[in-house]
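Student: Fit chain B to the supplied structure of chain A, relying on the hints for placement.
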Amino acid sequence: MNPIQDTRWSLLGLWMMLCSIGLVAIYSATQGPVSQFLPASIQSTFSKQLLVIGLSVVVMIVIQFLNPRVLIMLSRIAYPIGILLMIATLWVGKEVNGAQSWIVLFGFNLQTGEVMKPILIMATAFYISSQRELTLTKPRHFAVVTGLFALPIGLLLLQNDLGTALIFVALYPVILFWSGFPKGIVLLLMIPPLVGYAALYHWGFGLAIGIILTAIIFSMQQPRWQVLASLAIGASVLLFIQIGLEAVLQPYQVARIRTFIQPELDPQGAGWNVLQAKTALGSGGLFGKGFMEGTQTQLRYLPEQWTDFIFCVIGEEWGFLGAGFVLMTFLGLFWTMLQMMGDQSHPYSQTVILGFVAVYFFHFLINIGSSTGLLPVIGVPLPFVSYGGSSMLTNSIMIAIALNFDRNKRSFSIYR
Amino acid sequence: MKTHDHAQVQLLRRILLGIVVVLWGALFFRLIQIQVFEYERYQPLSQQNALRLETIAGTRGTIYDKNGEILVENQPVFTVTITPIDYDTSNNQQIASILDIEIDEYINRIDRARRYSRHRPSVLAAEVPFGPYSLLEENRWRLPGIGFRQQDKRNYPSSARASHVFGYLREADLEETRGSESIRLGDKIGKSGLELVYDPMLRGGLGERYYRVNALGQSLGEYTLASNERRNPPRGDDLVLTLDEDLQAYAERLMGDSKGAAVVMDPSNGALLALVSSPDIDLARLAGRLDREYWAEINTDSLTPLFNRVTSASQPPGSTLKPLMGIIGQHMGLITPETVIQNTGTYRLGRDYADLAPPGEYTLESSLAFSSNTYFFELMEQIARQGKLDEWAGYLRDVGLGQPTGIDLGSESRGIVPDSSRMNQLFGPKRWGLGDMINLGIGQGVFSVTPIQLAVTTSLIANGGQRVTPHLVSERIVGGATREILEYPSTPVTWIEKSTLEPIHKGMRAAVQNSVVSWLLEVPELEIAGKTGTAQNPRGQDHGWFTAFAPVNDPQVVVVVFMENGGFGSVSAAPIGSLLIEKALTGTTNRAYVERHVDAYVPPDPDEDDENGENDEEDGVTP
Numbered sequence: 001m002n003p004i005q006d007t008r009w010s011l012l013g014l015w016m017m018l019c020s021i022g023l024v025a026i027y028s029a030t031q032g033p034v035s036q037f038l039p040a041s042i043q044s045t046f047s048k049q050l051l052v053i054g055l056s057v058v059v060m061i062v063i064q065f066l067n068p069r070v071l072i073m074l075s076r077i078a079y080p081i082g083i084l085l086m087i088a089t090l091w092v093g094k095e096v097n098g099a100q101s102w103i104v105l106f107g108f109n110l111q112t113g114e115v116m117k118p119i120l121i122m123a124t125a126f127y128i129s130s131q132r133e134l135t136l137t138k139p140r141h142f143a144v145v146t147g148l149f150a151l152p153i154g155l156l157l158l159q160n161d162l163g164t165a166l167i168f169v170a171l172y173p174v175i176l177f178w179s180g181f182p183k184g185i186v187l188l189l190m191i192p193p194l195v196g197y198a199a200l201y202h203w204g205f206g207l208a209i210g211i212i213l214t215a216i217i218f219s220m221q222q223p224r225w226q227v228l229a230s231l232a233i234g235a236s237v238l239l240f241i242q243i244g245l246e247a248v249l250q251p252y253q254v255a256r257i258r259t260f261i262q263p264e265l266d267p268q269g270a271g272w273n274v275l276q277a278k279t280a281l282g283s284g285g286l287f288g289k290g291f292m293e294g295t296q297t298q299l300r301y302l303p304e305q306w307t308d309f310i311f312c313v314i315g316e317e318w319g320f321l322g323a324g325f326v327l328m329t330f331l332g333l334f335w336t337m338l339q340m341m342g343d344q345s346h347p348y349s350q351t352v353i354l355g356f357v358a359v360y361f362f363h364f365l366i367n368i369g370s371s372t373g374l375l376p377v378i379g380v381p382l383p384f385v386s387y388g389g390s391s392m393l394t395n396s397i398m399i400a401i402a403l404n405f406d407r408n409k410r411s412f413s414i415y416r
Numbered sequence: 001m002k003t004h005d006h007a008q009v010q011l012l013r014r015i016l017l018g019i020v021v022v023l024w025g026a027l028f029f030r031l032i033q034i035q036v037f038e039y040e041r042y043q044p045l046s047q048q049n050a051l052r053l054e055t056i057a058g059t060r061g062t063i064y065d066k067n068g069e070i071l072v073e074n075q076p077v078f079t080v081t082i083t084p085i086d087y088d089t090s091n092n093q094q095i096a097s098i099l100d101i102e103i104d105e106y107i108n109r110i111d112r113a114r115r116y117s118r119h120r121p122s123v124l125a126a127e128v129p130f131g132p133y134s135l136l137e138e139n140r141w142r143l144p145g146i147g148f149r150q151q152d153k154r155n156y157p158s159s160a161r162a163s164h165v166f167g168y169l170r171e172a173d174l175e176e177t178r179g180s181e182s183i184r185l186g187d188k189i190g191k192s193g194l195e196l197v198y199d200p201m202l203r204g205g206l207g208e209r210y211y212r213v214n215a216l217g218q219s220l221g222e223y224t225l226a227s228n229e230r231r232n233p234p235r236g237d238d239l240v241l242t243l244d245e246d247l248q249a250y251a252e253r254l255m256g257d258s259k260g261a262a263v264v265m266d267p268s269n270g271a272l273l274a275l276v277s278s279p280d281i282d283l284a285r286l287a288g289r290l291d292r293e294y295w296a297e298i299n300t301d302s303l304t305p306l307f308n309r310v311t312s313a314s315q316p317p318g319s320t321l322k323p324l325m326g327i328i329g330q331h332m333g334l335i336t337p338e339t340v341i342q343n344t345g346t347y348r349l350g351r352d353y354a355d356l357a358p359p360g361e362y363t364l365e366s367s368l369a370f371s372s373n374t375y376f377f378e379l380m381e382q383i384a385r386q387g388k389l390d391e392w393a394g395y396l397r398d399v400g401l402g403q404p405t406g407i408d409l410g411s412e413s414r415g416i417v418p419d420s421s422r423m424n425q426l427f428g429p430k431r432w433g434l435g436d437m438i439n440l441g442i443g444q445g446v447f448s449v450t451p452i453q454l455a456v457t458t459s460l461i462a463n464g465g466q467r468v469t470p471h472l473v474s475e476r477i478v479g480g481a482t483r484e485i486l487e488y489p490s491t492p493v494t495w496i497e498k499s500t501l502e503p504i505h506k507g508m509r510a511a512v513q514n515s516v517v518s519w520l521l522e523v524p525e526l527e528i529a530g531k532t533g534t535a536q537n538p539r540g541q542d543h544g545w546f547t548a549f550a551p552v553n554d555p556q557v558v559v560v561v562f563m564e565n566g567g568f569g570s571v572s573a574a575p576i577g578s579l580l581i582e583k584a585l586t587g588t589t590n591r592a593y594v595e596r597h598v599d600a601y602v603p604p605d606p607d608e609d610d611e612n613g614e615n616d617e618e619d620g621v622t623p
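Protein chains in written order, with this note's numbering: chain A, 1 to 416; chain B, 1 to 623.
Next comes chain A alone, as it looks inside the complex (with noise of 0.2 angstroms):
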């Protein structure tokens, strides 16, 4: 076994590739020939993220000597931790922008729901690949895992953190489909929130999906009752959705969630954000106005334009070569990260890495499909891209351990 050779360095490449990225639209930003009207806060973000990607490299080189039965080890003994952790930023933490998700941990701030993300995974893997039978039927096994997941995505709530929630709620479904629960089910559980969206659009959007979900159950070729729970279900949420929005509701408050679903049509309030993020988008070009050059960036239109709308800022200032450029990179690493995954025959490896190119793909799905106004404003961050420490330690840890399985994927049923 060579440690050279058997390093995946193409994702290496693709992270450092991304973080270089990241640094280049961090800094222009945030240092920016106006950047005197910013915080003093925001001003030091660029030397901040430079300094977390320093010490993520020290953690992932650490983490390549960690012999793979440590690091399932700490699968077990984490989850509880990072339960607390939790817990403790509840009565401890720090609110920024809304959400009590941070808590002061040595000199640091720890986005707690970050730090949860491989933890659950790695736990959720664990379970999984202990029991005897790789399929949850048995209801103890789907009610265990459900509760694994249900623990953080509730304090997640309570932290007030709806965008990493929501990455937690989209990689269940990910994670049963992986771990053989029987697909009709999977995808009878995506119906209600998948027609429940489209139908706040157009009831006849929410029945078209109800309609494929069900054509797809029924080529599966699974069990009648689920064809026809299937139908039962999409169309009691259509029907429960238009009740709700004709009869129940105020019309105040149908246009309130209108308006978040569809930010164009209030283009003072939600909607100046996601006007503002596709005019920076859109007047990049082809070729973009240069480095800092972007007047959306650079006069401040785009809100948390270096966590959240970093997009918009690579998008405006280097237009769609560099903002394509970005989206072939993600692309990439999901691709090499399933690769990966491919090759491991260990179903605890499969499902870590799964898990977190999962984690990788919702984030990017997310964060570009608000920026381009295809989603609802959520907030979360590009991975590796946008400022934040909490995700960028956590991210690239999730890099490191891949890389780890990954090299050791040969010899890695011998740790069980």
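Derived by calculation from the structure, the hints in this document are not laboratory data.
Here the structure is a predicted model, which is why all the values come from computation and not from measurement.
Ideal placement from N, C-alpha and C gives every residue a C-beta, glycine not left out.
Incorrect hints may have been included.
As the list claims (entries may be wrong) - Straight line, CA to CA, 20 angstroms or less: simulated EDC-like cross-link-like pairs of lysine to aspartate or glutamate: (1) B:K506 x B:E527; (2) B:K430 x B:E391; (3) A:K409 x B:D5; (4) B:K153 x B:D173; (5) B:K498 x B:D554; (6) A:K183 x B:D5; (7) A:K94 x B:D88.
Unchecked claim - Pair ranges (Cβ atoms, derived): (8) B:R149 x A:I81: 19 to 27 angstroms; (9) B:N91 x A:I212: 46 to 54 angstroms; (10) B:R149 x A:F260: 30 to 38 angstroms; (11) B:R112 x A:Y252: 18 to 26 angstroms; (12) A:N160 x B:L135: 28 to 36 angstroms.
Tutor: Structure of chain B alone, referenced to chain A:
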């Protein structure tokens, strides 16, 4: 433990990869849509966001007195704005206390701003003093959502209030913007006084500039591109006045709260050294935000402080007409300096007209000195009997009565010079006679002049027959550099001969010397020549007049003082006039006893007035 076999894993991997690629593709196409196909739409939007075109007005001109002292200038006023979406309410208490606003009121204002727009800056506090402003400005980085603006307002640093001279500014309404391309809705324009008359000169032109703004609407400095060059607004012209700040302030102090007017003028050219209409207003309270309470107060005040008595108070001149009567009488050949008229104490024409001058023989000179009515009744009777009323009125118009003087303050009252058509108008044709005309000879009856008109006629007596245009502005300074002297017409009244003025000068000089209150008026070395007068007022207490010039042989200054309901001119108006001449000629005064008299003077109660009201010509007789 059952595991996925390899093929199964690969299948699942491909399914997941497929989902990833599809969703990734959706984002990718969305990006192409926005950045490539909608570039044309968003590019102008970002331009609009980043650049604002602002029309800016040039600074309004400064007003200086004759010695270059600043009388009216501009003062920057600071406005604090709030952009609710960025605002952090935990700063409420602190900002409210810095701005000195009640916390409830402060929260109200924030709510109001929020209702207007969460993203646009609204005014949080206008006209914030410099101290709190700079404190907030220094800390702007920890006060998100707080912004700043700077504007100009008029400032009056002078000790002279001169509110009727300067006038006030108000925001232009829609009507006023129509006439001019350079006035925008809400721009401050002159509404009275010099600010109104010289508004086109004082007001700066309009210019344009582009400036960069951030999302909070904060200006981030000017933005210059070759294609959108800045057009600098021309600044307004500065004005140099003929006013003497010290003298003006002193005149205002002497006039105090009493109703009246005082004018000090250079008889050689009509340059006004002081112009006071009393009571006046506090221009500073009208300079910035409209102080509605104060505005209502001055508009309803029974003392009418907005009314400029110098140019608009039109009252019978009383005995101050007598010098002019002497000049006209000589010119008409009806009297000579040697003509002697007997004063028996009463002039009889159909009825008795009292003459309060001591009985005896009067020449033109002595009749002026003692203000004998008989002399001028006789003169007027001759004019009337010879049917020369209109000729007489023509001469009065020649010297400037009955018409605007042309003073650069606008809105003048014409006054009334009664001729036959005027008398017909007032009494009806043939319904007036000798009795109605006799009174005109001593400046009573249907005859009225304004203080500024009287200043013009007294100047004419002083300067040998030149009718000057009274004025306040001597120079305009264009663009802060080029000085341009303003010319005012001065026309000789051709029929006035120097010789006819001599007895008038002597008589007026003697009037001051022989006055019963000469201890209040006379300063030997100043050689004041003057004439008091009392305008009969059927509706209340009489009005006091005093007009004078000095020194008599080389006149350098003319004064007119008018005291509305002041009673006798000799005690109400003349002491003020005397002090003003002293101040104007010597630069100082050292007659505190006269100042005390002026301060202590209270007009007599009209109820205790002479019953023989129509003829109470008392000048130089009754203190």
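Student: Are the hints correct? Go through all of them and say.
Tutor: Hints, verified against the model:
Between B:K506 and B:E527, the direct Cα distance comes to roughly 11 angstroms. Compliance with the 20 angstroms bound is thereby established for this hinted pair. Using a Cα cut-off of 20 angstroms, the hinted pair B:K430 and B:E391 holds, with the two alpha carbons roughly 18 angstroms apart. Taking the CA atoms of A:K409 and B:D5, the gap is about 15 angstroms. The hint holds against a cut of 20 angstroms. Proposed proximity of B:K153 and B:D173 is supported: the alpha carbons are some 18 angstroms apart, at most 20 angstroms.
With a C-alpha separation of about 14 angstroms, the suggested pair B:K498 and B:D554 falls inside the 20 angstroms cut-off, and the hint holds. The hinted pair formed by A:K183 and B:D5 meets the criterion: a straight-line CA distance of about 17 angstroms does not exceed 20 angstroms. The straight-line distance between the Cα atoms of A:K94 and B:D88 is roughly 17 angstroms, inside the 20 angstroms bound, and the hint therefore holds. Between B:R149 and A:I81 the CB atoms are about 54 angstroms apart, so this pair departs from the stated range of 19 to 27 angstroms.
The beta-carbon spacing between B:N91 and A:I212, approximately 51 angstroms, falls within the hinted interval of 46 to 54 angstroms. Our hint of 30 to 38 angstroms for B:R149 and A:F260 holds, since their Cβ atoms are close to 34 angstroms apart. A beta carbon spacing of about 21 angstroms between B:R112 and A:Y252 agrees with the range 18 to 26 angstroms that was offered as a hint. The beta-carbon spacing between A:N160 and B:L135, approximately 34 angstroms, falls within the hinted interval of 28 to 36 angstroms.
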